[in-house]
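Please take these sequences and the hints and turn them into a complete structure.
Number of protein chains: 2
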Amino acid sequence: MAIERKNPVPSDIEIAQSAELERISDIASGLGIPAGAVEEYGPYKAKIDWRLGGASEKAPRKAKYINVTAISPTPLGEGKTTTTVGLVQGFGKIGKNAVAALRQPSMGPTFGIKGGAAGGGYSQIIPMEDFNLHLTGDIHAVSAAHNLCAAAVDARIYHESRWSDGYFEKMGLSKLNPDPHGVAIGRVVDMNDRVLRHVVTGMGSRADGPLRQSHFDISVASEVMAILALASDMADLRSRLGRMVVAYDTKGNPLTAEDFKVAGAMAALLKDALKPNLLQTLEGQGAFVHTGPFANIAHGNSSVIADRIAVGYADYVVTESGFGSDMGMEKFFDIKCRSSGLVPDAVVLVATVRALKAHGGGPAVTPGKPLPAAYTEENLELLGNGMANLTAHLGIVRRFGIPAVVAINSFPTDTQAEWDLIRDAALKAGASDAVVSRHWALGGEGAADLAEAVEKAAAGKSEFKFLYPLENTLTEKIEKIAGEVYGADGVDFTAAAAETLERLESQGYGKLPICMAKTQYSLSHDPALKGAPRGWRLPVREVRLAAGAGFVYPICGDISTMPGLPSKPAFMNIDVDAEGRISGLF
Amino acid sequence: MAIERKNPVPSDIEIAQSAELERISDIASGLGIPAGAVEEYGPYKAKIDWRLGGASEKAPRKAKYINVTAISPTPLGEGKTTTTVGLVQGFGKIGKNAVAALRQPSMGPTFGIKGGAAGGGYSQIIPMEDFNLHLTGDIHAVSAAHNLCAAAVDARIYHESRWSDGYFEKMGLSKLNPDPHGVAIGRVVDMNDRVLRHVVTGMGSRADGPLRQSHFDISVASEVMAILALASDMADLRSRLGRMVVAYDTKGNPLTAEDFKVAGAMAALLKDALKPNLLQTLEGQGAFVHTGPFANIAHGNSSVIADRIAVGYADYVVTESGFGSDMGMEKFFDIKCRSSGLVPDAVVLVATVRALKAHGGGPAVTPGKPLPAAYTEENLELLGNGMANLTAHLGIVRRFGIPAVVAINSFPTDTQAEWDLIRDAALKAGASDAVVSRHWALGGEGAADLAEAVEKAAAGKSEFKFLYPLENTLTEKIEKIAGEVYGADGVDFTAAAAETLERLESQGYGKLPICMAKTQYSLSHDPALKGAPRGWRLPVREVRLAAGAGFVYPICGDISTMPGLPSKPAFMNIDVDAEGRISGLF
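Just so you know, the sequences run in chain order X and S.
Just so we're aligned: 496 in numbering that gives the first Met the number 0 is position 497 of the first sequence, and the numbers increase by one with no gaps anywhere.
Just so we're aligned: 335 in numbering that gives the first Met the number 0 is position 336 of the second sequence, and the numbers increase by one with no gaps anywhere.
Just so you know, these hints were derived from the structure itself, not from any lab.
Ideal placement from N, C-alpha and C gives every residue a C-beta, glycine not left out.
Heads up, a few of these hints could be off.
With a straight-line cut-off of 30 Å between C-alpha atoms, the simulated DSBU-like cross-links for lysine-lysine are [as the list claims (entries may be wrong)]:
1) X:Lys-368 to S:Lys-368
2) S:Lys-92 to S:Lys-174
3) S:Lys-174 to X:Lys-567
4) X:Lys-368 to S:Lys-250
5) S:Lys-260 to S:Lys-169
6) X:Lys-250 to S:Lys-427
7) S:Lys-455 to S:Lys-92
8) S:Lys-174 to X:Lys-368
9) S:Lys-5 to S:Lys-92
10) S:Lys-260 to X:Lys-567
11) S:Lys-95 to X:Lys-567
12) X:Lys-95 to X:Lys-464
13) X:Lys-455 to X:Lys-427
14) S:Lys-460 to S:Lys-92
15) S:Lys-567 to X:Lys-169
16) X:Lys-169 to S:Lys-368
17) S:Lys-427 to S:Lys-368
18) X:Lys-61 to X:Lys-5
19) S:Lys-567 to X:Lys-174
20) X:Lys-95 to X:Lys-460
21) S:Lys-260 to S:Lys-250
22) S:Lys-368 to X:Lys-174
23) S:Lys-479 to S:Lys-460
24) X:Lys-260 to S:Lys-567
25) S:Lys-368 to X:Lys-260
26) X:Lys-61 to X:Lys-92
27) S:Lys-61 to S:Lys-92
28) X:Lys-567 to S:Lys-169
A few chain X residues that don't get close to chain S, going by computed Cβ distances all over 10 Å [unchecked claim]:
29) Gly-429
30) Glu-462
31) Glu-470
32) Glu-478
33) Gly-556
34) Ser-566
Below, the structure is given as structure tokens:
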């Protein structure tokens, strides 16, 4: 597939629509994936049989396994997905067989402020319209499974309040006594819809009840999404769904989806969603796109199954984790790799002149507003001051025993002196290399240097180690993350949080890993603290359980799980022509 | 494809899973559909390019066009889908090339009381699991498009209350002044979830508003679903979406999805949903499955596009309409055929001994409870008394100038004398023929007689005529349906209904057809009035507008648009094994 590059670079959708796509079955067979394991969904998308990655010990380990993470980003994002795609294309340019493994983006933000999420410029996943809208319906399946469970809980409360013990016995059931104030599951929708953040349900007459205050999250925040991302096969998916704690009874005992007899139907709804999706890069490499758990309240990584498959069919598997190395990468290591059994070989840490200047004290960066001059003109002082953030992130990567390559995602306004400053600081802080990458403007050609640097860094034997053993108490694990990853002086638990931790230990959930829920804009819990904050303590307001996903998530600060639409939302630009061709999706 | 029949007949899912499926691309090419118009979604489902049916004048008219309807059903249903599939299989047995065109069922009821909806016994659409769960995601796409529009309206109310006229002008927008009490769109979810019938949204802080009472419908009740079903091509879909009246401003003027600049994005979300899905019958015929609008508040028919495609590639297209001839069939003729330009050739009216006995005064028939003896033993008196309902339905079909064949959907407890009684009454009432059909137990072999009778009835030239011209006033059209179809003495409009009718006429909506919303259990508005009620008047409580779908729908009686889950819901039986094979879906 050849794509003719233009300068200035056209819009993402113009580039994507000008590409000549290869048939996805050809991409799959090029990787050596058996035809019987490939289900085409139209000519350019396929689902791949999850059985190919079902058991880690059986899957032939072939690939070097690369994680792409970033420094603490600005609200504009620093181009992690674009770099992931660019790096895979760069590997292509140096003659290596590489695939990408990415998250499927939530559809809600596509219509809000964010636009597309399939990479950008000449480093994109195509068809980008499908990538951004529905794909093969996996997020919808997650929503349906989640909402079935939520409906099951409310319906049970209704029927138990209405009918006798004897009536339930006659049906072969016994009462669960769910506490209407103890429901632990809300509802979800894949939409930015602020008015659903806090709702009252069950109004009307008795048969429309129970009357309760409740909430909606965006679908990717569902525990079901985290479960789908971490499941190793169908049986594991089924039993994880069953373990979800979705309510508490009137005595405070946890009630699971299994107790409500709904986990089997939830698994049936997810039978196709368990199969990873295969798409392609603009330069014809395979790209697995599968699952998209939230990166703050969940672990923010694409699926275990996709990666397990991918490592069997490529020399390099490049996978992105959510937000910065303190967030998605730490969870990638301590949660996802622990589930998958896969061992990472190298990390690519994406940095931009823009974000480093912001960490050095630059003015606020706001989506939808023009960038202040500090960001578009050379400013070595701001940049130098911001380098603390880069150094801290490199320290986090080193803590896990993995070599790091810094990818300087270039912008047209950057200067050579600025790049040199970053490179020097990165090498001083222990990076294997630091390379300017021009994949947005030049595709794989612009990332060939980066690919060579990553090849070199990943060549050795991995000395990967987890941050903590599962045997630590929940409190110890939280303190270790706060101290060794975030650089906090300690952790302050509210009384409620401490009580929950004690209860979870006594209920047998103490051996689960930790999935921290905090802001991505700072290494601390406070988005205003830039660079590498020192002399602060991490406040844990609340602790929640995701027993099916298999982690405990402490909440540090305000975490929104339902975005809103802005005053001039992105949907206003989107349209179709008479042939169904989409425009205005950026 | 050969399927070995067993006696007693196994469960639906056992039969479906024992079938050897043909590759769907083979089914498509067998029909002569060009390969370039076929997108496989896995090996056994395909989407067919809507362009094949895009323009009625261009589509080669080839097939006889058969509608399957029924007498007024019991809450158990009388086997209309099963008969539709059986008839197609029956045509196969007599050497004819037939396809089915069916609605996609809502997924919600699958988990409630209803179970599967892909036919039954040896007359089913397969794969039945996919038919019942997600299929290719069209209903999810409808939900997303609908909910995007709902979020857009609430977000606009929020932002207009917060920002100045000048701020909107700077963004190139002007205020619409939507009335928070004039929002005409709720939200939807494809789930039986009673607590969502009446909700309060927008609680929390100001940024989580506006605070309003609102509601959720099940997704198939969305106007977007009706629009998708009636659209003739992408441009028509796009402009219908734009015409949806989703709110009123503070002066009472209608505001459309176009005014909110969201119709283009909605169309983008539906670009694949516009393509009909192709599946297969147990005996290897093609079955188009596309769109599933509610049969009471909407028109209850599968898509115009699927039928337009189907008539170009088969000798017989058999399509089902919702509920009885007073409901789905009348709307099939006056709404769907008016949109499609297709002219029906014959009607199959499904009747059962059970339903006719219920109309004759038999005891109540309740889902989940054993049938009273009156229904399982010969009872010619009850049956004879119920024949008025059959006669009335045959009168309705005759009113449209179309020949009717009565299909007696047989049950093991029926007797020959009962069948004879039905046949005599049917012929007396003007049916072309009346045939006992055993497709449930015997597949196509059991429906070969029915197919022959339908072939004969459809052989002549169609003398089809609409019930009313669009030039009639809305009130005249409603009165004509009530009088000539339902047998009412007249119509009683509430003051509110009369006022709405007047307003709609003055706003230019007076030339739309009527889509009556009433119970399916009686020819009247009162489910308790069995047989052919006489001496009653139809009360119209309220009148609503579906400007995008292109009809006005008067509400007669209580119509629920959000089912609930029963005390022992069907989801409790459903599970998957380690390979992802589904069980317990009936």
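Practice task
Could you grab the alpha-carbon distance between Lys-260 of chain S and Lys-250 of chain S and see if it respects the 30 Å cut-off?
Solution key: holds, 20 Å
Exercise for the section: For the pair we were handed, Lys-174 of chain S and Lys-368 of chain X, check the Cα-Cα distance against 30 Å. Expected result: Status holds; Cα separation ~22 Å.
Exercise for the section: Quickly compare the C-alpha distance for Lys-260 of chain X and Lys-567 of chain S to 30 Å and report which way the hint goes. Expected result: holds, 10 Å
Handout entry: Pair hint Lys-95 of chain S and Lys-567 of chain X, alpha-carbon separation not exceeding 30 Å
Key = violated, 56 Å
Practice task
Please work out if Lys-368 of chain X and Lys-250 of chain S have their alpha carbons no farther apart than 30 Å.
Solution key: This hinted pair is violated, its Cα atoms lying about 35 Å apart.
Problem - Hint consistency between Lys-92 of chain S and Lys-174 of chain S [alpha-carbon to alpha-carbon, up to 30 Å] - result: Violated. Lys-92 of chain S to Lys-174 of chain S sits at ~63 Å, over the 30 Å cutoff.
Problem - Given hint Lys-260 of chain X paired with Lys-368 of chain S - CA-CA distance at most 30 Å - result: At roughly 22 Å apart (the allowed maximum being 30 Å), Lys-260 of chain X and Lys-368 of chain S satisfy the hint.
Problem - Proposed proximity, Lys-92 of chain S with Lys-61 of chain S (alpha carbon, max 30 Å) - result: Within the cut-off at roughly 20 Å; holds.
Exercise for the section: Below or equal to 30 Å on CA atoms is what counts here, so check Lys-455 of chain S against Lys-92 of chain S. Expected result: Cα-Cα ~15 Å, so holds.
Handout entry: Satisfaction of hint between Lys-92 of chain S and Lys-460 of chain S, Cα-Cα up to 30 Å
Key = holds, 24 Å
Practice task
Would you mind confirming whether the straight-line C-alpha gap from Lys-95 of chain X to Lys-464 of chain X stays at or under 30 Å?
Solution key: holds, 27 Å
Handout entry: Least C-beta distance from Glu-470 of chain X to chain S larger than 10 Å
Key = Correct as stated: the minimum Cβ-Cβ distance to chain S is 30 Å, above 10 Å.
The structure shown violates the earlier hints numbered 1, 2, 4, 6, 11, 17, 18 and 34.
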